[in-house]
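Residues per chain are reported as follows:
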Amino acid sequence: MSAKFGILVVLIYSIVAIFAPFIAPYGEREILGRSFELWSDKYPLGTDNLGRDMLSRMIFGARNTIGLALSITILAFLLGSLTGMIAAALGGWVDQILSRIVDVLMSIPSLIFALLILSIFGTSVPYLIATITVIDATRVFRLARATAMNVVVMDYVEVARVRGEKLDWVIRKEILPNITAPLLAEFGLRFCFVFLFISALSFLGLGLQPPSADWGSMVRDNASLITFEDITPLLPAGAIALLTVAVNFIVDWLLHKSSGLKDVS
Amino acid sequence: MLADAKKNSESESSATLLEVKGLRIEGLSEKGWQEIVCGVDLKLKRGEILGLIGESGAGKSTIGLAAMGFARDGCRITSGEIIFDGIELCTASEEQKRKLRGNRISYVAQSAAAAFNPAHRLLDQFAEGPVDHKIMSRTEAKEKGRQLYRSLDLPDPDNIGERWPHQVSGGQLQRMMVAMAMSCGPDLIVFDEPTTALDVTTQIEVLKTIKEIVTARNVSAIYITHDLAVVAQLADHLMVLRYGNLIEVNSTGQILEAPKQEYTRALLNARTRHEQTTVQISDAETLLSINSVTAGYGNGLDILQEISVSVERGRTVAVVGESGSGKSTLARVITGLLPPRSGEIHFQSESLPPALAQRSKQQLQKVQMIYQLPDVALNPRQRVRDIVGRPLSFYLGLSGKKREHRIIELLEHIELSEHYIDRLPDELSGGEKQRICIARALAAEPELIICDEVTSALDTIVAKAILDLLQRLQRELSLTYLFISHDLDTVASIADQVVVLYAGRIAEQGPKTAVFQPPFHPYTRLLLSSVPEMRQGWLEETLSTHEAKAGIAREVKITERGCPFAERCPVAIPEICVRDRPPLQTPASGHVFACQHAPEMLLDHFA
Amino acid sequence: MIHILKIVTQRFALGLLTLFAISLIITFGVELLPGDLAEAILGQGATPETVKVFRTELGLDKPAHLRYLSWLYGMATGDMGVSLANKREISELIGIRLSNTIFLGGFAAAISIPLALFLGILAALYRNTLYDRVVNTFTLTSISFPEFFVAYILILFFAIKLGWFPGISNVSTNLSLGDKLYRSMLPAATLTLVVVAHMMRMTRAAIINLLASPYIEMVRLKGISPMKIILRHALPNALAPIVNVVAINLAYLVVGVVIVEVVFVYPGLGQLMVDSVSKRDIPVVQACSMIFASVYILLNLSADIISIVTNPRLLHPR
Amino acid sequence: MDSKIDHIKEQLMSGRITRREFAQRLMVLGIAGTSAGTLLTWAEKTQAAGKRGGRLRAGIAHGSTTDTLDPATYENGYMSKINYAIHNHLGEVDHTGNMAPELAESWDAQNGAKTWVFNLRRGVEFHNGKTLDSDDVIASFQHHMGETKSPAKSLLKQVKSIRKDGKYTVVFELSGGNADFPFVASDYHIAIKQAWDGGKISPNDGIGTGPYVLKDMEMGVRFFGTRNPNYFKSDRGWFNELEMLSIVDPTARSNALATGEVDVIDRVDLKTAHLLARKSGIKVEETTGTKHYTFPMRTDTSPFDDNNVRLALKHAVNRDEIVEKVLFGHGVVGNDHPIAPSQPFHAATLAQRTYDPDKARFYAKKAGGIKVKLSAADAAFPGAVDAAVLYKEHAAAAGIEIEVVREPSDGYWSNVWMKKPWGACYWGGRPTEDWMFSTAYMGGASWNDTFWKNDRFDKLLIEARAETNQAKRREMYFEMQKIVSDKGGVVVPMFANYVFGTSDKVAHGTMAGNWDLDGDKFHERWWYS
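Chains A, B, C and D supply the protein sequences, listed in that same order. Quick note on the numbering used here: the first sequence kicks off at 1 and runs consecutively. Quick note on the numbering used here: the second sequence kicks off at 266 and runs consecutively. Quick note on the numbering used here: the third sequence kicks off at 873 and runs consecutively. Quick note on the numbering used here: the fourth sequence kicks off at 1191 and runs consecutively.
Fair warning: there could be bad hints in the mix.
Quick look at which bits of chain A chain B covers, simulated, 3 or more residues with Cβ under 8 Å [unchecked claim]:
1. 146–156
2. 170–178
Derived pair list, reagent style BS3-like, types lysine-lysine, alpha-carbon separation capped at 27 Å [unchecked claim]:
3. 310(B) - 286(B)
4. 257(A) - 173(A)
5. 308(B) - 476(B)
6. 296(B) - 4(A)
7. 308(B) - 364(B)
8. 1695(D) - 1033(C)
9. 959(C) - 1610(D)
10. 362(B) - 286(B)
11. 296(B) - 257(A)
12. 1052(C) - 1556(D)
13. 1350(D) - 924(C)
14. 1350(D) - 959(C)
15. 959(C) - 407(B)
16. 1100(C) - 362(B)
17. 399(B) - 1100(C)
18. 924(C) - 1610(D)
19. 308(B) - 362(B)
20. 1354(D) - 1320(D)
21. 667(B) - 166(A)
22. 173(A) - 667(B)
23. 362(B) - 399(B)
24. 409(B) - 1100(C)
25. 1556(D) - 1672(D)
26. 924(C) - 1390(D)
27. 173(A) - 626(B)
28. 1473(D) - 1033(C)
29. 924(C) - 1320(D)
30. 308(B) - 626(B)
Treat the hints as calculated values from the structure; they're not laboratory data. C-beta atoms are modelled at their ideal positions from N, C-alpha and C, and glycine is treated no differently.
Using the sequences provided together with the hints, build the complete structure.
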């Protein structure tokens, strides 16, 4: 049930994200009316501080935010799981070096790390993606390495090694398919942490470039209204929360599906 | 209701303790709920032992657990009655059943290593049941535990309970679990394959304990196993199960002497030793020769010490020994996974580089291996096509139609239809998985196949079929096997040459006929006498022998000097055996054994 | 015991190595940042002359590697140096902030860890029930809101509407413990909401994972009550993964609370570090990052030690 | 006569004379009867409301752990408020924008405003009991001269020498005439501190002559001071205790005020100012001053070296919308020069430039099309990024393409300002026209962020500085404003008000607009009603 709900939500979000220009009543950056207009037929969710249509911003925000979060999460998983598996499969000094590098990166507070990098290189989208990717990849590395360690000791990996298979095969065909479940579970959480990280960065003034709309920055921009009992900031925040819950429902279901059946014997 | 139950138990105290009527249980699989126990009836009187026999998937464990009113996650009891001492367990509340479990009905699991919580001391786990069921105080419970340990001849009974599960050997742990099952003084114990995972020598030790407990304390028991020979030593009645159906019920004697059903006969047959004469090849080429190899892990002890073995083309060399004797280490040395500390390995008179990474593809192709546990030897995410097809494309460069064709051919070799090509390992039975492993090894077109305990995780009937298959393949494809096993029965049926390994050293080595006939090395003798025989009374006889008393219930220990078997040896010469390396003797050509005694002396000893 | 000592020493050495690497990265990272302390402090008011004088005064005219080496020497001899910006002893500067940070982190941990364990255990016990779903959804929702947003919502309800707790927590050293707790209630609650989900999910997962193991089936067949099974049999074995996650979250409570500090005007270490980075006050940044990294390393190390100590296999080898 | 009355009115309001003195002086001037009565009632209202007592708690934006008490490093509003709490200066800007005496009782310009004589007030004591004299003043000035990191150094470059003429007189010799020198000499950096042995001040001692004595301070967190019992202004510094918290986050600031954690906050988040004002017990107030937000272009860089481009861009912005949406109405439109409407020489008759896409298109066409980048960060001014985004949209209507680049707030002043060709900038403004123009518009000035040079302008600037005839001066400044507006490199879309919130228990007189919170002197001037 909850999985169906999750899939439905993700589906709707994807449609909204893909077809944003066709769905949104107004343009992403179009300045239409006065600041903070109330909800009306003309502006279903009112306008933001610059008089842009909130609904349209939300819809385009879906596109930017999901696109950004998805690409960062995917990149982080590529980088993190690959290096994690290499560390587990090769062991020895390769493992030591990779693990120590990750240790170092993880011991630097991530916000500070991002602050440093983004201040040095500027907050263009590629650097934003690269920075968060690296930070996220360290967490993925730990998980991938730990789970891959359990797989590496399996006889079928030994079979492949004794056959004389190269590292690439061992990782791709023997290890990866067997650690997808925990990686997937982490994917769900990481995905939502990316939103949060972007919004935390925009709290420190290092988020996405304006006038592009993204939910994280939208939450930040309107957050102060919440203490005056205005629900505007709840919209983007709620959108993030709903997506997070939905994605995790799906992940939980996938996990349950892949592990649940093994219980029966 | 309660009064009724009480009356029942009084009036029928000598009669039925447990009655199961029309029990049906379903299990959840990918295809939904499916019946795994299809209407089983059973009756158990007080003091009686009932054996439940069948292969895996027969529903034995499910029935055994149902007798406790318990269904595993993903299982459900759909109909039938389970009446334990007048209490209907199917309708009883969870709380009621909880009060019975561990208290009046207890359970002994297959693997004590897995069934003891690694985080608690053994005696605490013993005491937990009686304390939680409010039968006795913690101190009383612990005292009772120590008494039981003492009466079961466990070593250091006063302190062994203070140890952690991992600090106790497998056999002792299994016995302590039997003791734990007795902690509340139950009416019924369910034994779920309690010796299956053990070495033959250890198995005797556990069987002895069970026998003592059950007979001496007049407890009823359900004994679940796939090994008829084992249960024959204990049970009064046997029930043969297959695919959740009852095949045959009868007294043990009747089943052994005059089985009525075909399937029961097959079960009996699988345990009957059949000596097979192998094809004699004259002037056989030496395929593999291992020259005084010494090996070990990290900085630890030498697990293997100066091992020399040679394998001739088309023959089967069996390496025998208990767990810890270094058999699997030998396999790892040959495959290059563990480079030896000293010594050399030649293959077809060519020296094999010690480490895997240094070996060429051709060298790797020539030696293939089949593992003990097909479950972990097959990647659960790969289909049969990929598993079997990979060596074809990797070593032989086959692809497309040719590869597909060859895979089907290999499947035919291992007696599986081509429909199996798209299956995942999870969709295969244990025997089928092992066949796929064989096909994978064959696909590489190797010269030598190392079989590492390939049958010990399988049911007897399935194991026999696998052995038959291996032998057929050897005849048809003139394969060479290095066969590693702890089961002398298996070895006897397949080997040409036998190497008996003890604590990393060769105890005896030679043609099967020479090794399995007197004069015996004392260790060989112990192993042989521990193999259960398909007749009642075997256990008592064996336990009374000299070597069993000395040899069982001990662990394999690697020693720096002397004969490692000395402390278990019934004929050990004090001081000398512990101090000096036993000399190698060759009573006949190709037959070597390491013992202080001369062959003639041993002949006398074991006469 | 010797075994553990060996691991600890080994980890300790690795930790020192990590610290060294971090100090290098941080120094040269900050060095790479455009501008320096002189420009940053003078801000809009910086002219080439004043900046030059300021730099000389600060010693920023010396090459970076020399400054790093002298810092390293000071560190090795236990001298953290003085802040470039206001010449105060860094140890004194950080001391107050660190104790504030640890106080807040400790407070949040004292609420969140027992809460996470409690919720997680219950969720494992009543898995796939309504309770499980509700707790799961709630915690997931709470972590999907940005921290500052959670903070604002808490302020709205508990400070503005109900007036139970102050909206900002300007704790100073001379407050009584009760006052301090009262004033840091909302930031601690915010942090709790942020970290509890992760720990709770891990607790639940680790316990459920173990519930399938044979020894749990064994105790069930011994007729032990479900609650005791989880507390006595599953939990001790699930401790290692749980402790690991707890350690990560504890580290977060110390290291990652910059935003909560900003929102609640809480004088913690994170704020100090962000200020110092933006002002390029390298010695302070160095000292802060050393402390953060040490916290991270020490927490991980203690998690490892707890894993060993709670695992009899490692504690009592055969 | 009127001017004399005004003068003593001011003296009363700025607290230099008491109500009794006020009445006496009225009598001296020969004012009596009804008008005297009216004036006295007025004086009553202005003054008598002052009430001693209480602890004022303020939540102030800015503030950083890296702050120091050294006057040469004051760079943010938090420190400047602390500065005014602890210290005094030679003079202070009053609510009319004029210079009023503070530690200097009076001053005189001689020699074409090249020589300035400051007479110090007698009997003023530092917090540690030492009495102020001319050595202290000289030492305090020298802290910002010569080899120094002080940003005030460039201001004091015009000072050739300082010498004392007795214990209570200090004489400044300037290199050129400057009619506004008292303003310069009262710059907030130049806090008067005690000269210790060796004739130098101890910049970090936290000791001054100001209304509050520093008791406890944690940089970037909290300032705590108690009333200076010997404060020389008997009718100033009403609060017994002063606590100022650094609350950087605007939401946290308004929360603190809303929950009663503080009584005063500065820099109210404009977005929510109207909501905050609605809360009971809270007042949101504003003062109009010299603060303005600009978009300076580097006129030495293509394409901004072309005045057509500059004019096109000046016409391409809808100032009204920016004031409405970025300042939420808390400000007035600018006319592309830095002189505020509240300043005496503001060119009120200069035509206001309006949003005119056609004109913009015309100039853009002349320039051959415009496609530029605009760098902004909220560090430049709050809402700078929004303003830039709005600008972009406005210009788009005139066919001008602006790409908004959000720069990191961190390091904005060192990496973006005066580096990138076009950016956003903040000016707190300067109390005098001369000061403002000399700082940022004179050719070669170190803060000339448009890198603009206009000979006519520079000539007028020098002349006007020494000109003492007010009418002539007005004319000159008028022309300069026109030159900047038509030819300069800066777009000045708005003058921003200082918007702050207080609890309704806090009372005050007419407020000064030179800085936030009553010229940063709220703690000295306000009281609890």
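Structure-based check of all given hints:
no.	hint	in the structure
1	146–156	holds (count 3)
2	170–178	holds (count 4)
3	310(B) - 286(B)	15 Å, holds
4	257(A) - 173(A)	21 Å, holds
5	308(B) - 476(B)	21 Å, holds
6	296(B) - 4(A)	20 Å, holds
7	308(B) - 364(B)	22 Å, holds
8	1695(D) - 1033(C)	21 Å, holds
9	959(C) - 1610(D)	33 Å, violated
10	362(B) - 286(B)	18 Å, holds
11	296(B) - 257(A)	13 Å, holds
12	1052(C) - 1556(D)	67 Å, violated
13	1350(D) - 924(C)	22 Å, holds
14	1350(D) - 959(C)	32 Å, violated
15	959(C) - 407(B)	67 Å, violated
16	1100(C) - 362(B)	16 Å, holds
17	399(B) - 1100(C)	14 Å, holds
18	924(C) - 1610(D)	22 Å, holds
19	308(B) - 362(B)	19 Å, holds
20	1354(D) - 1320(D)	18 Å, holds
21	667(B) - 166(A)	24 Å, holds
22	173(A) - 667(B)	22 Å, holds
23	362(B) - 399(B)	15 Å, holds
24	409(B) - 1100(C)	23 Å, holds
25	1556(D) - 1672(D)	22 Å, holds
26	924(C) - 1390(D)	21 Å, holds
27	173(A) - 626(B)	19 Å, holds
28	1473(D) - 1033(C)	19 Å, holds
29	924(C) - 1320(D)	34 Å, violated
30	308(B) - 626(B)	61 Å, violated
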